[in-house]
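Participant: Following the hints, put chains L and R in place on chain X, whose structure we already have.
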Amino acid sequence: MHTLRRLAQIVRAELVGNPDAVVNRANSFYQAVEGDVTFAETEWYLERINSSAATAIIVSSAVSGSDRNLLVASNPKLAFARAIEALHEVHYQSIGVSGDVVVGPGTVLGKELSIHPRVTIGRDAVIGNRVTLHPGVVIGDRCRIGDDTVIYANVSIYADCDVGSNVVVHAGTVIGADGFGFVPDEAGHQVRLRQLGRVRIEDDCDIGANCTIDRGGFEDTILRRGVKLDNLIQVGHSTEIGDDTVVAALTGFSGGTHVGQRCIIAGQAGTNQHITIGDGAVISGRTAVTKKVGAGAAIAGMGQNRGSWRRSQVLFSRLPELAERISRLEKAIREAGLMSEKAKLSNPKRKS
Amino acid sequence: MHTLRRLAQIVRAELVGNPDAVVNRANSFYQAVEGDVTFAETEWYLERINSSAATAIIVSSAVSGSDRNLLVASNPKLAFARAIEALHEVHYQSIGVSGDVVVGPGTVLGKELSIHPRVTIGRDAVIGNRVTLHPGVVIGDRCRIGDDTVIYANVSIYADCDVGSNVVVHAGTVIGADGFGFVPDEAGHQVRLRQLGRVRIEDDCDIGANCTIDRGGFEDTILRRGVKLDNLIQVGHSTEIGDDTVVAALTGFSGGTHVGQRCIIAGQAGTNQHITIGDGAVISGRTAVTKKVGAGAAIAGMGQNRGSWRRSQVLFSRLPELAERISRLEKAIREAGLMSEKAKLSNPKRKS
Amino acid sequence: MHTLRRLAQIVRAELVGNPDAVVNRANSFYQAVEGDVTFAETEWYLERINSSAATAIIVSSAVSGSDRNLLVASNPKLAFARAIEALHEVHYQSIGVSGDVVVGPGTVLGKELSIHPRVTIGRDAVIGNRVTLHPGVVIGDRCRIGDDTVIYANVSIYADCDVGSNVVVHAGTVIGADGFGFVPDEAGHQVRLRQLGRVRIEDDCDIGANCTIDRGGFEDTILRRGVKLDNLIQVGHSTEIGDDTVVAALTGFSGGTHVGQRCIIAGQAGTNQHITIGDGAVISGRTAVTKKVGAGAAIAGMGQNRGSWRRSQVLFSRLPELAERISRLEKAIREAGLMSEKAKLSNPKRKS
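Protein chains in written order, with the numbering used here: chain X, 44 to 395; chain L, 44 to 395; chain R, 44 to 395.
Source of the hints: derived by calculation from the structure; they are not laboratory data.
The reader is advised that the hints may include incorrect statements.
Note that identical chains are pooled: a pair holds if it fits in a single copy or bridges any two copies.
What the hints assert, rightly or not - Straight-line alpha carbon distances no greater than 16 Å define the calculated EDC-like cross-link-like pairs of lysine to aspartate or glutamate that follow: (1) Lys120 <-> Glu229; (2) Lys120 <-> Glu57; (3) Lys120 <-> Asp228; (4) Lys120 <-> Glu86.
Because the structure is a prediction, the values reported are computed rather than measured.
Next up, chain X with everything else stripped away, as it sits in the complex (with noise of 0.2 Å):
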């Protein structure tokens, strides 16, 4: 529960209205009521503003001929993320070392702890301080798990993995099967590339549930800082995605990929492989990323700009028309007598 006064503190807002009134609860613009803060995402948010039972109400600009309480912030849904936390943080609190938990020999366990039943951790790990493990949580032999990270139902981990601090893992996920690696032999049979390398995830990501992250053939697979994943992610072999970069889900990384700092990729994208993605890259949902993007690119489609990816999509839905524009050249041109009917292609209803 906070006052505005304070909440506009926090959120790093700008209040224009009631200091002293207080909310204790952060809520969607629908459902907001008495005692709730909410966030007006759009105009048509800000149009419906006095229809809002919320207490205050985040903005991106004073509203006139409103008599709510506003908080103005330059980045409102920043503001709106930061009220949310505010008001609904849950305090870490250990619930100790279940019993029913199997530790392999020479597996160092921190403090603070909070493992619960059905757990299997190998040997010669190490468990930072304040970690959680939930249930049908399995770990290799030699991982590493930073500390405050949260691990959720289900997920397995291989051997000689490392998962950094404040990381979350969702339910599901596994970290660390080997890559895809395969060349036929002789014979015509898959002869496996047995992968020596690790994965490495580093500080403050998140992992959504029911990912595949492989481990490196020979280089690791990495991922930086902040990294943040949606769920039914694949991360091939000795691919490395970059600082704070976002994914959404059913996005594929083939093996050897290079995802640099700060970009954006939409859902259901794909890359070929050893292809490299400058920073600040944002690929539009189901590109297939078939060649290099550059910094700060907008990709779409097979590896189109996305600018030009948009006209030529909008043409593609207006195909049969430029077919019939086409037909009725070539008619007018034949009247004229300007082209033979040999001109004509033999058969053009069926080339390609």
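Facilitator: Below, chains L and R without anything else, positioned relative to chain X:
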């Protein structure tokens, strides 16, 4: 085992043939032998109906010249589903609660349960009657699981989620992980928007293996009664999917998607955030749903009307021919002196 | 550790250099140092061969002007795979059967096993010799697991499935969940087609992490000998994949797909139901396989021939230019009085 007289009643078909013949198994057209009932799905099978060794064949209309036992049904696939069920239904038998189960304080267990070993249930949860929990299932604090629900191995359900009655959740699925909400701060670091909503799965839903259904930001993520999800499907935070909608594998729903009732969504489709899809819409495989879809609409490609998309797609494969026809027109027009060379684009080989 | 004399024999290469030099590790070109063998994969590496600190380098042909130890192999990638194996093979050592394992009645366990804690095996199953089961593995009733097979953490295998010898199944994969078969009844509710088939995985298969391989409807789902699946792959009910076929991540096979031998299927591809793909076909990343693919065919896009698709794709990116050229032609023709304004389409901006 049923006589055809009885089976015809069960599957709501008209029998043409011997009412006293007996079947004890359903089988595919290819594999069916004496004692089996099978199903002629297409014209191709109907033409081969006399070559089948099955005792009875479910068809859409009587086949002239056939001496087989036919079950004529207006919806033969539905009739076949009922025949399979009638012949192969397995009646529920409680195996009780394994001694190797961890149950938190305050949790209430129903009657006639089948709880396998290695199951972990948090505190203050409610488990209904005749629930089956396979090994490795993890159920969080304060969850509710309805009667007759089956949860397969290694499923992870986070705290505060609600699963209805007669639901099936296949192995490895994750329910209730945090939605993917981040916003960059002043330094470019991603700040989490803490997710305060839950997941609610209504009665009669079937959820495939290794799916991920995220908890809501504020509004709950909801699967309405009878939703059927295939495998490896991502359901984003605060998404709602309407009654009896069917979704094929590897599809991803972004946060805040609203899907209507009785929609059919094929594989590897995806939606932009906050999209609405109307009742009864049909979304083709790999469609990117980029804008609102009306009730009953059929959509493909980048959210195009399906018929229009198909015409465009045919012309896409004929683009080399269209380009060649444009070149021939240009040549004819220039040779007739009707268009100068200058009127050609400066660099036709590489625009875009 | 091997002399180059010996290593050349093992990898079937011709040595150009010192036969008594010794290597003890395989490494990437970038990381290789004294004592390592590495691999010059492309021309780019061959040009830099003298800058490598590796003791030996596997190449496709002798490099003039190099004083390095070269292992010249007709298939250098295959030779490198064998070199890695020769230097890094880990010999199997049984760890026995953990006391913390649940095994159902009637199940037969082989010899020299490595069964980790928290494994659950149903009744009447058969586990071969030298099988490794990692923590959290769940194996259903009446399953058979062949000799020397390794199943990683938290894999779930449903009842009645058959896994061959020398198979690897990576963590989180689900084998034998119900195929996705539903049909709407008179009220629009989806009725399940109960799935009566099984899954059969033949010898020498490798299956990645978090895959889903559904059991058959009637015919079994089958992976033939030596199939290699990457991560997050969906294999639908009654699909069959032929010997030595390789499939990259996030690909989905609909029910009843028949894939031939030695096919190469890249990432995020998908197939329509009941499609046949011939032996040796090459399916590009993200291909939608919508119709039968002949043996040896190369396919991309919406099931097009790959060469044709590439030409179309280049022209897709040039659609704005093509549209502009059509407009210029129309202008020239109309200015010459050869086509009336009426011949233009009523609304060229928005047809489709």
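Participant: Going back to the hint list, which numbers does this structure go against?
Facilitator: none
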